[in-house]
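**Student:** Mind docking chain W on chain U? Use the hints.
2 protein chains.
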Amino acid sequence: MARAPSAQKDEALAAIAERLRDRFEDVLEANAADLADERAAGLSDALVDRLRLSEARVTSMAEGVAQIIALGDPVGEVLDSKVLTSGLHLRKVRVPLGVIAVIYEARPNVTVDCAALTIKSGNAIVLRGSSYAQRSNAALAAIVREGLASAGLPEAAVELLDAGRDDVVKLATADRSVDLLIPRGGEELKAALKGAATVPVLYAAAGNCHVYVHEDADLEQARRIAYNAKVQRPGVCNAAETLLVHEAVAAELLPGLLEALRSAGVDLVGDDRARAAVGEAMVGQADDADWDTEYLDLKMAVGVVDSLEAAVEHVNRHGTGHSEAIVTSSERAGDEFSEAVDAACVYVNASTRFTDGFEFGMGAEIGNSTQKLHARGPIGLRELTTTKYVVHGEGQVRE
Amino acid sequence: MARAPSAQKDEALAAIAERLRDRFEDVLEANAADLADERAAGLSDALVDRLRLSEARVTSMAEGVAQIIALGDPVGEVLDSKVLTSGLHLRKVRVPLGVIAVIYEARPNVTVDCAALTIKSGNAIVLRGSSYAQRSNAALAAIVREGLASAGLPEAAVELLDAGRDDVVKLATADRSVDLLIPRGGEELKAALKGAATVPVLYAAAGNCHVYVHEDADLEQARRIAYNAKVQRPGVCNAAETLLVHEAVAAELLPGLLEALRSAGVDLVGDDRARAAVGEAMVGQADDADWDTEYLDLKMAVGVVDSLEAAVEHVNRHGTGHSEAIVTSSERAGDEFSEAVDAACVYVNASTRFTDGFEFGMGAEIGNSTQKLHARGPIGLRELTTTKYVVHGEGQVRE
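Protein sequences appear in the order of chains U and W. For the first sequence, the numbering used here assigns the number 1 to the initial residue and increments by one for each residue that follows. For the second sequence, the numbering used here assigns the number 1 to the initial residue and increments by one for each residue that follows.
Mixed in with the good hints there might be a few duds.
Copies of the same chain look alike in the list, so a pair counts if it fits in one copy or across any two.
Below, simulated DSSO-like cross-link-like pairs (lysine-lysine); rule was C-alpha separation at most 30 Å, straight line [unchecked claim]:
1) K170 - K194
2) K190 - K92
3) K190 - K299
4) K82 - K190
5) K190 - K170
6) K82 - K92
7) K82 - K194
8) K194 - K299
9) K299 - K82
Keep in mind that the hints were calculated from the coordinates and are not lab data. Nothing here was measured: the structure is a model prediction, and the numbers come from that model.
Next comes chain U alone, as it looks inside the complex (with noise of 0.2 Å):
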């Protein structure tokens, strides 16, 4: 696969987005027997709703997987290049990592997104989703294996662990075998990796993400930004859970947001400064680990604080480091609260929900990376790669 030209490597794709697209049928057989599986029925409606395939959903991973064959081959990318003093041609070439295993919830398209963008990049990939979704898994990859042999690529290239048999820890500890993990999913996981893992992992880890409305903000723009972080999709890592707002706007701005969070089915809870703005009726007490939740759901905390250094410390000392906004008409407090908070993405006036590889123009992404160390982010076809100086002498020895 890492030497794979870059034509073979977008003609297994578009195999792979044909067969979506014509055997759509034989994918939403599977995952009706997913779905009917009696274990399924001990799950949430939302999470019904994320295992659940149509044919509207199976052409938009075709569509998905269309659009990484557009994006450029990041293999060969040359970084760097220079004559040294010693006369040595060095360059900085971009190169497949190698084996990629990833660990992921009951989405099963996650199954084409992680293998499109592993062939794309010249990886190949180990998937282990849900036992929730084995069917459909099995169904996805098995398309996606045949695209790659019909464009005389090596079916290995991407396996699916048996979910129900295959340990995550025994992958986690497959030292020469793996060469990244990526584990999506809750902070359960995480911390059961954390300890066990011993090769290396990208955690696409939880979002505790903040919108702090500072005082001088457009306050018609605040309400719509702080409602679309938490309402549009509040299930996913990049909505919000807690709204910050300078003490200054409390009053102006709390009482009609809140009143329409509510009435989206937010459930809000909130310190005394936010509770007394608009009566306590509306908003419960938040206690010190409401600061601390990632809720993934329509609940929401509210703080009121002096000042946009007090903003930044609250959003530093509780944030996951994902996505955090703030809203300012002011460019000097935009680039203070850009600089000041320590996350993969800041944003000054626009809604956290737009963290995503496809936004960022990356095609799709493997998930979102908040640790600081190889890739910060969504993870996409770079962040799949590593690199290797190539050197160039001619009889060149160290003096």
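**Tutor:** Chain W alone, transformed into the frame defined by chain U:
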């Protein structure tokens, strides 16, 4: 530190360089006390040589700092800037990692190299040197801290731990305090940390490096490269440990080359064909462990292979992904080796000894990474940074 202007950081570095030159006698006095310590009596000559300072060595530290001043500031570098389809203006900006911890062997110059690189890259550093060098390190760290203070930067940006007391494992598990741990030195330290570390780690690890002489090599060039890679400084990680020779040139190349290596004091072991080419008296029998051993000494394993493919297979099986060289007169063979070998640095017709931050034009290095994630090869200024997406909008929300 993260937000200090370039000029202020360079001012601190200049003050450090000046003090190193002016106060080298203080440093030499502290170093003499380290060398006179009864525990130092147990060190080998090579280790004493690494620990020992001289006026020239302290001056050379000052020169290293001056070189780092001359490099560009990586902080604030814009790696990507584009307008997204949503109209958002996205910039990917280089930012410091935060707090870097380095665990290192009894080489006092590392104290200054690491401090200078972290200051320039806007980070703070925690230094945990060897107890053998504690007094030398303390004298150097005092100079560094004075330099910081004289430029109005916080002294606390450089902390030297007490190697006699402070625990390596404590440092490796300081989860919210340490953003990156770089353990230098042997595989033993790596093994000890591998299970224990919970903070992000970049191993500046061992080099089991190879020189492969292809059938079409200029044999005079091959002799010089192999000799240099083994003999010029055998105790460092980019020195070669194994020589592989294509069978077509073994009989012509090996007698003269191995005689020269022997004359330089190199202890030789080899496989049957290598021994047959020069007589068994000159070359001992290599056992399985030899091919996997980083001797870090005047010892070398010699093997004869049937083909370039066999050489690549040997290198990928036994190498540690550090630095690998081929000697060949064919561009095709050079490209084949460069692509197929999985290592941080691959050389065509040059000695492996060039893998070094200074040689690569990076000013200095904190070590050399053989892992694939985050940084591969010399760890310089850029490798001590991460990135942040800063996204400006005009009220955009996700539909």
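**Student:** A separate judgement is required for each hint: does it hold in the structure or not?
**Tutor:** How the hints compare with the structure:
no., hint, verdict
1, K170 - K194, "both (14 Å within a copy, 16 Å between copies)"
2, K190 - K92, "between (33 Å within a copy, 26 Å between copies)"
3, K190 - K299, "within (23 Å within a copy, 44 Å between copies)"
4, K82 - K190, "neither (41 Å within a copy, 33 Å between copies)"
5, K190 - K170, "both (15 Å within a copy, 21 Å between copies)"
6, K82 - K92, "both (9 Å within a copy, 24 Å between copies)"
7, K82 - K194, "neither (40 Å within a copy, 35 Å between copies)"
8, K194 - K299, "within (28 Å within a copy, 40 Å between copies)"
9, K299 - K82, "neither (54 Å within a copy, 34 Å between copies)"
Checked against the numbered hints above, the structure violates hints 4, 7 and 9; every other hint is satisfied.
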